[in-house]
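Asks: Chain by chain, the residues run as shown.
Number of protein chains: 2
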Amino acid sequence: MKRGTPVDFKVFRVRRDRARSPKTGKAHDVTVLEAPDWVNVVALTDHDEAVLVRQFRHGTEATTLEIPGGAVDASDRTPLVAAKRELREETGYVARQWRRLGVVEPNPAIQSNSCWTFLAEGARPAGEADPDEGEELEVVLVPRSRLDSLVRAGKIRHSLVVAAFYWLGRHRAEGGNR
Amino acid sequence: MKRGTPVDFKVFRVRRDRARSPKTGKAHDVTVLEAPDWVNVVALTDHDEAVLVRQFRHGTEATTLEIPGGAVDASDRTPLVAAKRELREETGYVARQWRRLGVVEPNPAIQSNSCWTFLAEGARPAGEADPDEGEELEVVLVPRSRLDSLVRAGKIRHSLVVAAFYWLGRHRAEGGNR
Numbered sequence: 001m002k003r004g005t006p007v008d009f010k011v012f013r014v015r016r017d018r019a020r021s022p023k024t025g026k027a028h029d030v031t032v033l034e035a036p037d038w039v040n041v042v043a044l045t046d047h048d049e050a051v052l053v054r055q056f057r058h059g060t061e062a063t064t065l066e067i068p069g070g071a072v073d074a075s076d077r078t079p080l081v082a083a084k085r086e087l088r089e090e091t092g093y094v095a096r097q098w099r100r101l102g103v104v105e106p107n108p109a110i111q112s113n114s115c116w117t118f119l120a121e122g123a124r125p126a127g128e129a130d131p132d133e134g135e136e137l138e139v140v141l142v143p144r145s146r147l148d149s150l151v152r153a154g155k156i157r158h159s160l161v162v163a164a165f166y167w168l169g170r171h172r173a174e175g176g177n178r
Numbered sequence: 001m002k003r004g005t006p007v008d009f010k011v012f013r014v015r016r017d018r019a020r021s022p023k024t025g026k027a028h029d030v031t032v033l034e035a036p037d038w039v040n041v042v043a044l045t046d047h048d049e050a051v052l053v054r055q056f057r058h059g060t061e062a063t064t065l066e067i068p069g070g071a072v073d074a075s076d077r078t079p080l081v082a083a084k085r086e087l088r089e090e091t092g093y094v095a096r097q098w099r100r101l102g103v104v105e106p107n108p109a110i111q112s113n114s115c116w117t118f119l120a121e122g123a124r125p126a127g128e129a130d131p132d133e134g135e136e137l138e139v140v141l142v143p144r145s146r147l148d149s150l151v152r153a154g155k156i157r158h159s160l161v162v163a164a165f166y167w168l169g170r171h172r173a174e175g176g177n178r
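Taken in sequence, the protein lines are chains A and B.
Under our numbering, the first residue of the first sequence carries the number 1, and numbering increases by one thereafter.
Under our numbering, the first residue of the second sequence carries the number 1, and numbering increases by one thereafter.
Among these hints, one or two may not hold up.
One copy or any two copies: either way a pair holds, since identical chains are not told apart in the list.
Under the rule of at most 20 Å between Cα atoms (straight-line distance), these lysine to any residue pairs were calculated in the SDA-like manner [unchecked claim]: (1) K155 - G169; (2) K23 - D132; (3) K26 - L137; (4) K84 - V94; (5) K2 - R88; (6) K10 - I110; (7) K23 - T60; (8) K10 - E34; (9) K155 - R100; (10) K10 - A35; (11) K10 - S75; (12) K23 - E121; (13) K23 - F56; (14) K155 - E136; (15) K155 - A129; (16) K10 - T31; (17) K155 - V140; (18) K84 - H28; (19) K155 - L65; (20) K84 - L141; (21) K23 - A62; (22) K84 - P36; (23) K2 - R18; (24) K84 - D130; (25) K23 - A129; (26) K26 - E138.
Keep in mind that the hints were calculated from the coordinates and are not lab data.
Can you make the complete structure from the sequences, with help from the hints?
Replies: Shown next, in the form of structure tokens:
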């Protein structure tokens, strides 16, 4: 495979590779988006409320309702460190107990990275949020029991959030301690 | 907002916009990936087996196990038409009954498009698969009851497939007719 030179778009880099089929030997062009790993967090308070964020998203040019999350920075030693940092920065919340729920690949066809989902229990406010430049976030508390109906009603639409709720559902079905 | 000129990478186009915060008035650069809408299909045979595809994916440079899916082409009148075409092209299967399960946004932060998930029941082989150039697919039948354990074991990792299984689980929990 002949790997292309990446074009840097800040939040990700794009490269064009010349790939050869292992089966037929035929060559074709493929496009790959290079990004750091991502994390997201299902944070639940002791009143069984999920800590969500409402924000304007430039991809869809619309306001979304999501769980907190972001990219694993070079200074984060692990995805868990990044998840704790993102929860704190985006919402001002910290949590008593952390657990990894699962990991997905956002899009293995065109992206090289993974997204790690964590469950943060005993979430509580610990100060002001400190979002990145350009981020404007509003924290919204929603009873956990309402999350599925928000997805069904199209209020929560981000695929990585829906995948996180898949993990949350499996965790509970398997006897997670809530 | 000052919209950038898109750079065409075939499967998607990338543009850099200059966006202004509605709240603070401060301008900053944002990157947007333009792609057509996508579809994917949970296809179940009358023996309650899911029709999956195994293929090499260039993003992660690994072989994945996924449900069939792809982009809505300009010639597809609706996402449903695209879903039927993709199932037929990628697996050679057709189905008796189609139903929309749900829709997600693959990544509203950086992408403008949606992904539509369909449930196809009564799936059966109807001829040879006819994949796109560069696609090499192997059809794999898996009992529906094993899908969750394949996700948990990390054998199925594509976020849009996990989101589709979220919809499938909700459909069944709400009394879907299987």
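Asks: So, for every hint listed, does it hold in this structure?
Replies: Quick rundown of the hints versus the structure:
1. K155 - G169: both (18 Å within a copy, 19 Å between copies)
2. K23 - D132: between (46 Å within a copy, 15 Å between copies)
3. K26 - L137: Answer is between: at 15 Å across copies they meet the 20 Å cutoff, but 48 Å inside does not.
4. K84 - V94: within (7 Å within a copy, 46 Å between copies)
5. K2 - R88: neither (41 Å within a copy, 32 Å between copies)
6. K10 - I110: Both ways: K10 and I110 sit 17 Å apart in one copy and 11 Å across, limit 20 Å.
7. K23 - T60: between (38 Å within a copy, 18 Å between copies)
8. K10 - E34: both (10 Å within a copy, 16 Å between copies)
9. K155 - R100: Result: close only across copies, 17 Å inter versus 25 Å intra.
10. K10 - A35: both (9 Å within a copy, 19 Å between copies)
11. K10 - S75: within (17 Å within a copy, 34 Å between copies)
12. K23 - E121: neither (48 Å within a copy, 32 Å between copies)
13. K23 - F56: For K23 and F56, only the inter-copy Cα distance (11 Å) is at most 20 Å; the intra-copy one is 45 Å.
14. K155 - E136: Within one copy, since 18 Å is at most 20 Å while 37 Å is not.
15. K155 - A129: neither (23 Å within a copy, 37 Å between copies)
16. K10 - T31: both (17 Å within a copy, 8 Å between copies)
17. K155 - V140: within (13 Å within a copy, 34 Å between copies)
18. K84 - H28: neither (41 Å within a copy, 26 Å between copies)
19. K155 - L65: Only inside one copy: K155 and L65 sit 7 Å apart there, 29 Å across copies, limit 20 Å.
20. K84 - L141: within (18 Å within a copy, 39 Å between copies)
21. K23 - A62: between (43 Å within a copy, 14 Å between copies)
22. K84 - P36: Result: close within a single copy only, 17 Å intra versus 34 Å inter.
23. K2 - R18: within (5 Å within a copy, 33 Å between copies)
24. K84 - D130: For K84 and D130, only the intra-copy Cα distance (13 Å) is at most 20 Å; the inter-copy one is 46 Å.
25. K23 - A129: between (52 Å within a copy, 16 Å between copies)
26. K26 - E138: Only across copies: K26 and E138 sit 18 Å apart there, 50 Å inside one copy, limit 20 Å.
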